[in-house]
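Enquirer: Residues per chain are reported as follows:
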Amino acid sequence: MNLDEALKTFIIESGELLEQMEAALLRIEQDPDDPDIINDIFRAAHTIKGSAGLFGLDYIVSFTHVAESVLDRVRSGELHIDGDLAALLLESADHIGTLVGHTAKGEEPNTESADLSIAIMERLGAYLGNKEKKTEGKKGEEKKAGVPAELDHKIGKEGGSAVESDNWHISLRFGKDVLRNGMDPLSFIRYLATLGRIVHIVTLIDSIPPLKEMDAETCYLGFEIAFNSAADKSTIEGVFEFVRDDCQIRILPPNSKIGEYLALIQDLPEEDMRLGEILVLCGTLTQCELEKMLQQQQESGAPVKIGEALVEQHIVQAPVVEAALQKQKQVKETKTSESSLIRVDAAKLDQLINLVGELIIAGAGASLAALRSGQADLIESTATLSRMVEEVRDSALSLRMVQIGATFNKFQRVVRDVSKELGKDIRLEISGAETELDKTVVEKIGDPLTHLVRNSMDHGIESAEVRLARGKPAQGTLKLNAYHDSGSIVIEVSDDGGGLNKDKILAKAIERGLVKPEQQLSDAEIYNLIFEAGFSTADAVSNLSGRGVGMDVVRRNIQALRGTVDIESEMGKGATMRIRLPLTLAIIDGFLVGVGNAAYVVPLDMVLECIEMSDAERNATANAERGYLNLRGEVLPYLRLRDMFEVEGTPPRRENVVVVQYAGQKAGLVVDKLMGEFQTVIKPLGKVFGGVRGIGGFTILGSGEVALILDVQRLVHQLGNREQKMITAGQ
Amino acid sequence: MAKTILVVDDSASLRQVVSIALKGAGYDIIEACDGKDALGKLNGQKIHLIISDVNMPNMDGITFVTEAKKKAEYKFTPVIMLTTEAGEDKKQAGQAAGAKAWVVKPFQPAQMLTAVSKLVLP
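Order-wise, the sequence lines are chains C and E.
The opening residue of the first sequence carries number 1 in my numbering; numbering runs sequentially from there.
The opening residue of the second sequence carries number 1 in my numbering; numbering runs sequentially from there.
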């Protein structure tokens, strides 16, 4: 993850927030006092401003700030949204969109936008009255306000001579609650040490009560610190910014006047004499200076009250420092904007991936040749080479990986439009937006996903009346979720609607002749019927769905991506459509196994473990094509590849079982020998072999031989089906 | 071992930038998109600092911090709250909830890093 990606996220997110803001602004016209809607609008502006600030997009920050201020007044009830203000805010939202658009293109706003910014800001300003102007000015004044000029003088006059030490002196008395507030005094001192050198530190334990009365959660500590640093006063003060309210903090700059130390000592809770000694201990004061000070104290009689304002002293330096920092920041910002995205033709990327594929095959060939030659150094260098090739492969593939978030976010609009069309109130929840998958897959998944989303909204989620009658909230929820699961990416579309009606589907399927009445079907099989061509149980055909075209197309599209789709549903509670797709389309890590003379590849990410088949189990099932194994107390259905693919010859004395998992189901594949990990470029099978069950493609081994890639999902599915049928038949 | 920071904000880009800045400085980051999500992540794992926005959907930052402080493991976890200059009233509510450190939005990543290192050094 880098800043460019974050900026992309910002652009997408802003678009989304602006859409929300727009929708809320449209809603507010009907319901001008709804605090939730107002808060939504405010939050959108607020979030955009906050994020824009992080990227240093000042033109967005300054504009959004004004809009936010107006909205804040609305939120606090000082201002009422009427048609004009709503229109102006809509215009502002559009303009923020334009400004973000500039960012997306990587350019500064042109004069036209800049002028428009000013024009809209002026109009917004009319709603602010004088309030905003005041806060603008406040920042500057605030800093100076703390120290009346005369006080500075006073200290100078009465202070006497300067002490010799050129260390800062910091007195800390932590508040009783700092620990309870999660603040660790030590962490501030540690941070202080990063700004300079702590010359000397004395811990004051005077206020710790006897053990019996002591509360372990209360902080009783104080510190006197002599600190050597080139940092200015506001920086050092800044160290304690988070505890300023609870704690007594006194900071004296180097070479302060003795009078100031005197004031300090009198101001602190501990006994004067003891403090004086501590200051000497810190090396802040010399013994001689202390004596002089005490003398001065006696002469003046009354203690000098200097108070809080002392801390603010020397603040005048701050603007100078800030100006310097500002300049540094500007230099940094121009730097980051230069290193932006590079747009590359997708075809070039495809070519690169193809080449990497060939490279892997060639590399495997070289490794094999090296192994045969038996030369150690050659083997070693080919091993290094394969590792590098592997890395090249991964980074080439990662070039194609994009987050699914952008695709998901498009559905905000779809869901809004469709819910309006259907007259239903439906909310979209997105999770797993950061899940990455191949760009080609992302492009092709949009349509099927739209179909599923519409389908769920139309047929899944009930109307508000029905929902209320069933004791659900009137607002329906549609969820889009994505995650990685053993080498595939899973995309879920779930709704909290009525769920699928098994009986209705079955009746319809029988009516359409898709299944025979006497057929025994598992739940999953019944649900999957809705993906058959020409199937629809919707009572009314709506504009959106229900005509029975679509679901079969959805399945075809997903299968074209080597993916699967299945449904999980509970009557009355909702349904989840789960799309499972391979991560990449071109290259996989494979596990090579041998049966007789033939080699097969199992996708490595589906392999859980390999076990040896015990003689007892072998004898028990020697003649069966399929059977069950006892895997540490778990029933493991298995397939004998030798029988499945009708490989000739007799099985070896020892057979191995590769345990694979797909979609939560485990299965064993019985093979002759295990040949290890292997990188594989998937080559599609020709049309002639299209009907072969259990084979997903083929690949060329380093030796030039062909190995078949097993379609594990199909095999596991087959085993699963058999199990289901046996169970249903048993019933 | 790297210190772990929980970043709670409804803006994914803000979380990303903060993550980049803090990860770069050697912290481990856990992200959460709102108070509710964040509360779920407080599952007993050690968290050295919480950075939370105030205004968020589902559960706002103040409620989240109040709830978090009720859990024994997170009672003493420092909290930095993110706020706008317009949020003075919120600030008081937050102080009451036990969030004493505030960073004003919009901020630069470096500012956040400074604020964090005052409370927890990597």
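Read the hints as simulated data drawn from the structure, not as lab findings.
Be a bit skeptical, because a hint or two may be false.
Stated by the list, open to error - Heads up, incomplete: computed chain E residues facing chain C, CB under 7 Å, no partners named:
no., residue
1, T63
2, A97
3, G98
4, K100
5, A101
6, K105
7, S117
Claimed, not checked - Pairs of lysine-lysine, BS3-like flavour, derived with a Cα cap of 25 Å:
no., chain 1, residue 1, chain 2, residue 2
8, C, K479, E, K69
9, E, K90, E, K3
10, E, K36, C, K176
11, C, K410, C, K8
12, E, K75, C, K212
13, C, K233, C, K257
14, E, K75, E, K46
15, C, K683, C, K439
16, C, K479, C, K444
17, C, K444, C, K257
18, C, K439, C, K424
19, E, K69, E, K90
20, C, K479, E, K36
21, E, K36, E, K70
22, E, K36, C, K573
23, E, K75, E, K91
24, C, K687, E, K70
25, C, K8, C, K439
26, C, K105, C, K410
27, E, K23, C, K176
28, E, K36, E, K23
29, E, K36, C, K472
30, E, K90, E, K71
31, E, K23, E, K70
32, E, K69, E, K46
33, C, K516, C, K479
34, E, K75, C, K176
35, C, K573, C, K502
36, E, K36, E, K46
37, C, K8, C, K233
38, C, K8, E, K23
39, C, K444, C, K472
40, C, K176, E, K41
The beta-carbon is built from N, C-alpha and C at its ideal position, and this holds for glycine as well.
Enquirer: Please go over all the hints and tell whether each is borne out by the structure.
Expert: Right, here's what the structure says about each hint:
no.: 1; hint: T63; result: violated, 14 Å
no.: 2; hint: A97; result: violated, 10 Å
no.: 3; hint: G98; result: holds, 6 Å
no.: 4; hint: K100; result: holds, 5 Å
no.: 5; hint: A101; result: holds, 4 Å
no.: 6; hint: K105; result: holds, 4 Å
no.: 7; hint: S117; result: holds, 5 Å
no.: 8; hint: C:K479 with E:K69; result: violated, 31 Å
no.: 9; hint: E:K90 with E:K3; result: violated, 28 Å
no.: 10; hint: E:K36 with C:K176; result: violated, 31 Å
no.: 11; hint: C:K410 with C:K8; result: holds, 15 Å
no.: 12; hint: E:K75 with C:K212; result: holds, 23 Å
no.: 13; hint: C:K233 with C:K257; result: holds, 16 Å
no.: 14; hint: E:K75 with E:K46; result: holds, 12 Å
no.: 15; hint: C:K683 with C:K439; result: holds, 19 Å
no.: 16; hint: C:K479 with C:K444; result: holds, 20 Å
no.: 17; hint: C:K444 with C:K257; result: violated, 75 Å
no.: 18; hint: C:K439 with C:K424; result: violated, 33 Å
no.: 19; hint: E:K69 with E:K90; result: holds, 17 Å
no.: 20; hint: C:K479 with E:K36; result: holds, 17 Å
no.: 21; hint: E:K36 with E:K70; result: holds, 15 Å
no.: 22; hint: E:K36 with C:K573; result: holds, 23 Å
no.: 23; hint: E:K75 with E:K91; result: holds, 19 Å
no.: 24; hint: C:K687 with E:K70; result: violated, 65 Å
no.: 25; hint: C:K8 with C:K439; result: holds, 16 Å
no.: 26; hint: C:K105 with C:K410; result: holds, 20 Å
no.: 27; hint: E:K23 with C:K176; result: violated, 33 Å
no.: 28; hint: E:K36 with E:K23; result: holds, 24 Å
no.: 29; hint: E:K36 with C:K472; result: holds, 21 Å
no.: 30; hint: E:K90 with E:K71; result: holds, 22 Å
no.: 31; hint: E:K23 with E:K70; result: violated, 28 Å
no.: 32; hint: E:K69 with E:K46; result: holds, 14 Å
no.: 33; hint: C:K516 with C:K479; result: violated, 35 Å
no.: 34; hint: E:K75 with C:K176; result: holds, 15 Å
no.: 35; hint: C:K573 with C:K502; result: holds, 14 Å
no.: 36; hint: E:K36 with E:K46; result: holds, 18 Å
no.: 37; hint: C:K8 with C:K233; result: violated, 39 Å
no.: 38; hint: C:K8 with E:K23; result: holds, 19 Å
no.: 39; hint: C:K444 with C:K472; result: violated, 35 Å
no.: 40; hint: C:K176 with E:K41; result: violated, 30 Å
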